[in-house]
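Residue numbers (numbering that gives the first Met the number 0), protein chains in the order written: chain P, 0 to 134; chain C, 0 to 134; chain S, 0 to 134.
These aren't lab readings, by the way, just hints derived from the structure by calculation. Beta carbons: idealized from backbone N, C-alpha and C, even for Gly. Take the hints with a grain of salt, since some may be wrong.
[As the list claims (entries may be wrong)] Label-pair distances were calculated between CB atoms; the ranges are:
no., chain 1, residue 1, chain 2, residue 2, range
1, P, ARG122, C, ARG122, 33 to 43 Å
2, C, ASP61, P, LYS74, 24 to 34 Å
3, S, GLU10, C, PRO68, 48 to 58 Å
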Amino acid sequence: MLKNFKLQTAEHDVVKLNDEIVEFVKSSGVESGTCTIYTPHTTAGLTITSFWDPRGLEDLQDEIRRIVPTRIDFKHQHDTPQDAAGHIKSSLIGVSMSLIIENGELLLGHSQGIYFLEFDGPRNREFYVKVQSDK
Amino acid sequence: MLKNFKLQTAEHDVVKLNDEIVEFVKSSGVESGTCTIYTPHTTAGLTITSFWDPRGLEDLQDEIRRIVPTRIDFKHQHDTPQDAAGHIKSSLIGVSMSLIIENGELLLGHSQGIYFLEFDGPRNREFYVKVQSDK
Amino acid sequence: MLKNFKLQTAEHDVVKLNDEIVEFVKSSGVESGTCTIYTPHTTAGLTITSFWDPRGLEDLQDEIRRIVPTRIDFKHQHDTPQDAAGHIKSSLIGVSMSLIIENGELLLGHSQGIYFLEFDGPRNREFYVKVQSDK
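The task is simple: from the sequences and hints, build the whole structure.
Here's what the structure looks like:
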């Protein structure tokens, strides 16, 4: 079972995906299996971090921007510096992840949020969720 | 087949998980498949690095601390600076990974160690290992 | 279905793997499933980034080198500073990833390249691709 989801991001957006993914896993009827989440973009990423404090999500994008500054002297000059930096951020954070389904539910820690990280934007984006049953 | 493992970490601990995971894969009897490893925490991570030199494991935590300093000026102020930095480290390193099982054994390089990285601690922690057979 | 691929890298090489992986997925005949890519090395990584501009691939290695400098004062001193830094880079970037197969094809964005990142080299390297069908 595979589902494609669309989203519209703001610049440097951090979008929580838990609701859509948890619901899709439940609706799949899979009791035990794995869940693969994937986005086809090169200036975005998928990650898990705490959802309790919205300010913490700002810290995440701030810190990624500090680690990979939006410099004007990247060798890649076909697009904006934000695009060049975004490719590197996407590579560091990753665009796919695998999670575990047990007893019909996605295993998630009590404060784990699954997030779409926008490293450019605003953009029309998409991601895929695939549920694979053990048998 | 899914198994939950508990561990007790020290502050900034680096705990090798190879023995438990390799043994669980063998005991599952799965000849060919995949192995998903996952931890439900937001101030910890799972990674693979060389296990030959214990000093190298100190380098890893030192370097992650250098890349994401434990600053007092994170926007997230509900908990300690170590907690705020830990959320970002966990997001960068990741909390899940998928490996390959072939001929009844986990594919692992001759010096690859699977590690639980504690970015806070000491804490009671857990992780899950799921083995999924090809058929 | 599992296949082992060999490659010969240059120092700090960035090697595109799309062709081999896409062809293997097609040849597997799997209509719907997942694809796990894995490398058994501790001074290399696997990542996805844009393939349009070769200069962008230089930026990626430059930036990773800036984030994890090849310092001479790592605690790990059994090998070269490049080896010590490579272990950390490999841990940050990761050595495995899971992708989605649908309609007999690997889901990949129009500019996503799957890359082997060499953090040492020149070396003889290898990686594995496993295709797992939904049933």
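Right, here's what the structure says about each hint:
no., hint, in the structure
1, P/ARG122 with C/ARG122: 33 to 43 Å, "38 Å, holds"
2, C/ASP61 with P/LYS74: 24 to 34 Å, "30 Å, holds"
3, S/GLU10 with C/PRO68: 48 to 58 Å, "30 Å, violated"
When the structure is compared with the earlier hints, a violation turns up for hint 3 alone.
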